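Asks: As they're listed, the protein sequences go chains A and B. Going by this note's numbering, the first sequence opens with residue 1009, and the numbers climb by one from there. Going by this note's numbering, the second sequence opens with residue 1009, and the numbers climb by one from there.
Bear in mind the hints are in silico, worked out from the structure with no lab data behind them. Note that the structure is a prediction, hence the values are computed from the model and not measured. Certain hints may be false.
For each label pair, taking beta carbons as the anchor points, the in silico distance ranges come out as [claimed, not checked]: (1) B/Leu1109 to A/Phe1131: 24 to 30 Å; (2) A/Gly1193 to B/Val1153: 39 to 45 Å; (3) B/Ser1016 to A/His1013: 33 to 39 Å; (4) B/Thr1091 to A/Gln1160: 31 to 37 Å.
Pairs of lysine to aspartate or glutamate, DMTMM-like flavour, derived with a Cα cap of 20 Å [unchecked claim]: (5) B/Lys1075 to A/Glu1104; (6) A/Lys1067 to B/Asp1151; (7) B/Lys1165 to B/Glu1014; (8) A/Lys1075 to A/Asp1026; (9) B/Lys1067 to A/Glu1066; (10) A/Lys1165 to A/Glu1014; (11) A/Lys1075 to B/Asp1112; (12) A/Lys1067 to B/Glu1066; (13) B/Lys1075 to A/Asp1112; (14) B/Lys1067 to A/Asp1151; (15) B/Lys1075 to B/Asp1151; (16) A/Lys1067 to A/Glu1086; (17) B/Lys1075 to B/Glu1203; (18) A/Lys1075 to B/Glu1104; (19) B/Lys1165 to B/Asp1151; (20) A/Lys1075 to A/Glu1086; (21) B/Lys1067 to B/Asp1151.
Each residue gets a CB set at the ideal place from its N, CA and C atoms; glycine is no exception.
Number of protein chains: 2
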Amino acid sequence: MSQTHEISPRSGVAFLLDAGQELTVIDPRGGQVADLLAISRSDIREKISSGRTLDYAEKIYLTTGNKLYSNRSNVMLEIVADTVGRHDFLLTPCSEATFRLCYDNEPPHQGCHGNLAYALAPFGVADDDIPVAFNCFMNVPVDGVTGGFSVQPPLSKAGDSIRFRAEMDLIIGLTACSAPASNGGSFKPIHYRIEN
Amino acid sequence: MSQTHEISPRSGVAFLLDAGQELTVIDPRGGQVADLLAISRSDIREKISSGRTLDYAEKIYLTTGNKLYSNRSNVMLEIVADTVGRHDFLLTPCSEATFRLCYDNEPPHQGCHGNLAYALAPFGVADDDIPVAFNCFMNVPVDGVTGGFSVQPPLSKAGDSIRFRAEMDLIIGLTACSAPASNGGSFKPIHYRIEN
């Protein structure tokens, strides 16, 4: 049986995921976002692209069956199971600037961006190269008429999960998100599991 | 009086825009998209970011008064006039892969991505570093319930325009878009003007 790993609240990790392996991201308590990045292990200049992925999917809310593409239009991951059905792929990981610009009453935090930059640095990924993440469980309803949106608490309940199959050898960055609005105002852990 | 420059159908250019200068992008015939990229001249690793911009604007349809942010959360451009009010900031520039995956009945074309990569290469910008562009006049209505979207003809009429003020010294990439659906099925030029 595969091991379940815990990401502590407001932190992030990076790890390898081989082509064919499956990654399950679990929200153990409910209402917690996990930002996910994927970078090609054979060339770190190839990385997950929201713009390519949304263009090919023709929708902004992705779920089971949708493929996550790289900036070179190769499939990096496919969503193979999803008990929630609402994730975000529009917004960048929260950062020190997010806190400065959007949460000026909150103590500043390096956010998911800082956590991902720290975790990915040993793999040679630079801070400036962190793109829009696939934000598991993040709930950003968009008003199709005005284009306005708001960041709402996740729809995920305790034990909900999303599972991805890797289509190439990857470096994965994954967080337990640090932004108040994204997580219903409280910061909880994220679990993940890798299976062959 | 400032000079009006023409970008030929299905091509692209790159040029410098100084802090304080204004760039007007004009659709001279109507129904034509122009993909716009902005890169900091002092450090090309700083570039326009859809994810930062949308996050701070809290809407997907940007217009007069909205600011376009970099990946470092600095303001690069502000939209100071807009006679259309509908542009896209979700999708990457069309590319050879776009034609392969989305237009398999069309002759392949290097698309805006290829045109931008060619135009920006002399400035040291690599193909892999081309992010989601601000797609002037591109009309991508999103269904807020399902998240589905479609690429519709632009709402711009002949002579419509959008004007930006530079907030830092920039390298600008700009195209007359090459994708059939984005431009109502025909390929037209784009005009632009720079004013101090």
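Asks: Compare the structure with each hint and give your call.
Replies: Against the structure, the hints come out as follows:
{"no.": "1", "hint": "B/Leu1109 to A/Phe1131: 24 to 30 Å", "result": "28 Å, holds"}
{"no.": "2", "hint": "A/Gly1193 to B/Val1153: 39 to 45 Å", "result": "26 Å, violated"}
{"no.": "3", "hint": "B/Ser1016 to A/His1013: 33 to 39 Å", "result": "54 Å, violated"}
{"no.": "4", "hint": "B/Thr1091 to A/Gln1160: 31 to 37 Å", "result": "33 Å, holds"}
{"no.": "5", "hint": "B/Lys1075 to A/Glu1104", "result": "19 Å, holds"}
{"no.": "6", "hint": "A/Lys1067 to B/Asp1151", "result": "9 Å, holds"}
{"no.": "7", "hint": "B/Lys1165 to B/Glu1014", "result": "17 Å, holds"}
{"no.": "8", "hint": "A/Lys1075 to A/Asp1026", "result": "16 Å, holds"}
{"no.": "9", "hint": "B/Lys1067 to A/Glu1066", "result": "19 Å, holds"}
{"no.": "10", "hint": "A/Lys1165 to A/Glu1014", "result": "17 Å, holds"}
{"no.": "11", "hint": "A/Lys1075 to B/Asp1112", "result": "19 Å, holds"}
{"no.": "12", "hint": "A/Lys1067 to B/Glu1066", "result": "19 Å, holds"}
{"no.": "13", "hint": "B/Lys1075 to A/Asp1112", "result": "19 Å, holds"}
{"no.": "14", "hint": "B/Lys1067 to A/Asp1151", "result": "9 Å, holds"}
{"no.": "15", "hint": "B/Lys1075 to B/Asp1151", "result": "24 Å, violated"}
{"no.": "16", "hint": "A/Lys1067 to A/Glu1086", "result": "15 Å, holds"}
{"no.": "17", "hint": "B/Lys1075 to B/Glu1203", "result": "19 Å, holds"}
{"no.": "18", "hint": "A/Lys1075 to B/Glu1104", "result": "19 Å, holds"}
{"no.": "19", "hint": "B/Lys1165 to B/Asp1151", "result": "24 Å, violated"}
{"no.": "20", "hint": "A/Lys1075 to A/Glu1086", "result": "4 Å, holds"}
{"no.": "21", "hint": "B/Lys1067 to B/Asp1151", "result": "14 Å, holds"}
Hint check: violations occur at hints 2, 3, 15 and 19; the rest are consistent with the structure.
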